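There are 2 protein chains.
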Amino acid sequence: MRYFIEVSYKGTHYHGWQRQPNGITVQEELERALGILLRAPVEIIGSSRTDAGVHAEQQFAHFDSEIPIASPERVTLGLNSLLPKDIAVPQIIPVRADVHSRFAATHRCYEYRIIFQKNSFLSELAHIFRPELDIQKMNEAAGLLLQYTDFECFSKIHTDVKTFLCTIEHAYWQKTRNGLTFYIKANRFLRGMVRAIVGTLLEVGQGKKTYADFEQLIMSKNRKNAAAQAPACGLFLVEVGYEWESIVL
Amino acid sequence: MRYFIEVSYKGTHYHGWQRQPNGITVQEELERALGILLRAPVEIIGSSRTDAGVHAEQQFAHFDSEIPIASPERVTLGLNSLLPKDIAVPQIIPVRADVHSRFAATHRCYEYRIIFQKNSFLSELAHIFRPELDIQKMNEAAGLLLQYTDFECFSKIHTDVKTFLCTIEHAYWQKTRNGLTFYIKANRFLRGMVRAIVGTLLEVGQGKKTYADFEQLIMSKNRKNAAAQAPACGLFLVEVGYEWESIVL
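Chains A and B, in that order, give the protein sequences. Quick note, the first sequence lines up with residues 1 to 249 if you use full-length UniProt numbering. Quick note, the second sequence lines up with residues 1 to 249 if you use full-length UniProt numbering.
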C-alpha cells in the first residue's frame, strides 16, 4: 500500500530534506517516527529536496507499507506527537501504488521573504535586507523568467538532472507589512534555482544589474554570471500540486 | 535626559521582562546592551512586567542618560546588532524628564493565540488546544468583563498592587486561519490576569462553566474559583498606548 504524507517544517535546525551522513534531516526524522508507529523500516521519498535551512509550509512525500494503515488519522496524531515541534504532519492519504510524489507533482510554489529591519519573531523566517530596492525594476526582470525555459544559469553545477528546462507560470515581488516577498510557481525547479534568482534580482533592485544583464544571464546558461544565492532562511516551499482525482485511492 | 525605548521580543527563552536572579530576562539583556553603547550603567523601567515565556510585539520602557544621546537612530542600530535575535528595538524616543513608562501608559492590548493543530512554525507562538470550543458562549461570558471593574478573582495572590480595579475596553474571541485569538484592551492589567481569564473562558467554551458561573466568579473576588491559567506561549503584549503629544520632547 502506498501513502502520501503532507509535511510542513521550519528548516532552521535541519540539514535539508534529504537523508545524509553529516546532520539531521527532515526525511530522517519522518522515517524514524513512522518506523516506530508502523513497526517496520520505512523509506520516505519527497516531492522536493529542500536545502539546509529552507522551510516548507507544504511538502509531500510518499512511502509504502506492507500492512495497510487502518486509521491514517491515528497514525497522523501519533506522528505529530513523536516528531519534533518544528515538523508537523497535517495528513496521510492512501494513493495508487504507482504514484511517485516527485514525478506526479504538476507544480511547486516557492516564496522568498525579505524584511527591511530586525524582527524578534521573524529572525529565522526571513532574510533581513537593508539596501533600498526598486521593486518595479525587479518585477520587470522577473517577467523575463516567463519568456525562457532553460535555466541552467540558475542551477547548481553539480547536479544529476537531465535537462534544465522549467516552465515558470508566475514570478513577481509584492510588498508586505515589513518587507517584500517573491512569489514563483513552476512545473519544476533546479537545485538552488530560487535562491540564485532572488540573489540576482536583488542586484537588479539595487541597480547593480540591468534588465538587459538579466536577460543576457539567462541566455548565457552560465551559473557564473548569476549573483550569489540569497540565504536559506528566507525561502519557503509553500505548495506542491497534484491532480488529486487521478491519484487518490 | 529621559528616553523611551520601544521593544519587541519573542519570550520563549526569557524568564520574563523583569530582572531576577534565576534566569536571563529581557530587561537584563537591554540594560547590558545599552550600557555598552552609552558606556555607563543603565536602569530600564518597563511599562508592563510580562511573565516568563510571554511575548511582546510592542512594549515600552524608559531610561535616563546623563549624557544626551546625539543620534537615537544610531543607538537603535547598535542595540539591534548587540541584542540577541529574539529581541528587537524599533526606536528610541526622547521624552519629558517626568514621564514614567508604566504610569503614563493609557492602555495595554494583549492577544492570546490558540491553534487547533500542531503547526511547525507556531509551536512557540501559540497554545495548541484540541477540544471543541463554543466561541459564542466564550464571547457572551467575555462581554461580562466590560460590566465589572474589580478583577481580584483573576489576580495572582502574591502581588503588591493597591487596587484590583481595571477598566476593560474590549474583550472578545475571533476565528483565525487555524484557530482562535482572544483580544483584550484595558487601562491596566493585574499579574497573571489575561492567562487566568483565558483559562476560565476555555472552560466556558467547553461547557465546563456557564455564563452565570463566570459572573459569580468575578463577583466572588476569589482566585480559587478561576480556572488554571493558560500557558505563557500563547500570550502576546501587542500594544501599549500613550498620549504622545504630551510626553515627547
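These aren't lab readings, by the way, just hints derived from the structure by calculation. What you are looking at is a predicted structure, and each value in this text was computed from that prediction instead of being measured. Possibly wrong hints are sitting among the right ones.
[Claimed, not checked] Straight-line alpha carbon distances no greater than 35 Å define the calculated DSBU-like cross-link-like pairs of lysine-lysine that follow:
no., chain 1, residue 1, chain 2, residue 2
1, B, LYS224, B, LYS208
2, A, LYS85, B, LYS137
3, A, LYS85, B, LYS221
4, A, LYS137, A, LYS85
5, B, LYS85, A, LYS224
[Claimed, not checked] Stretch-level coverage of chain B by chain A, calculated; a stretch enters the list once three of its residues show a Cβ under 8 Å from a Cβ in chain A:
no., segment
6, 7 to 17
7, 75 to 86
8, 223 to 230
Positions of the beta carbon are idealized from the N, C-alpha and C atoms, including for glycine.
Now for the hints, and whether the structure bears them out:
1. A threshold of 35 Å between alpha carbons decides the hint, and for B/LYS224 with B/LYS208 the separation of about 16 Å falls inside it, so the pair holds.
2. Under the criterion of a C-alpha separation no larger than 35 Å, the hint pairing A/LYS85 with B/LYS137 is consistent with the structure, at around 31 Å.
3. For the proposed pair A/LYS85 and B/LYS221, the alpha carbon gap of about 38 Å is over 35 Å, so the pair is violated.
4. Under the criterion of a C-alpha separation no larger than 35 Å, the hint pairing A/LYS137 with A/LYS85 is inconsistent with the structure, at around 40 Å.
5. Distance restraint check for B/LYS85 and A/LYS224: the Cα-Cα separation of roughly 33 Å lies within the 35 Å cut-off, and the hinted pair is therefore satisfied.
6. Counting residues of the segment 7 to 17 of chain B whose C-beta lies closer than 8 Å to any C-beta of chain A gives 3; at least three are required, and the coverage claim holds.
7. Check on the segment 75 to 86 of chain B: 3 of its residues sit with their Cβ under 8 Å from a Cβ of chain A, so the three-residue criterion for coverage holds.
8. Check result for the segment 223 to 230 of chain B against chain A: violated, 0 residues qualifying (beta carbon to beta carbon below 8 Å, three or more required).
Going through the hint list in order, the structure does not satisfy hints 3, 4, 8.
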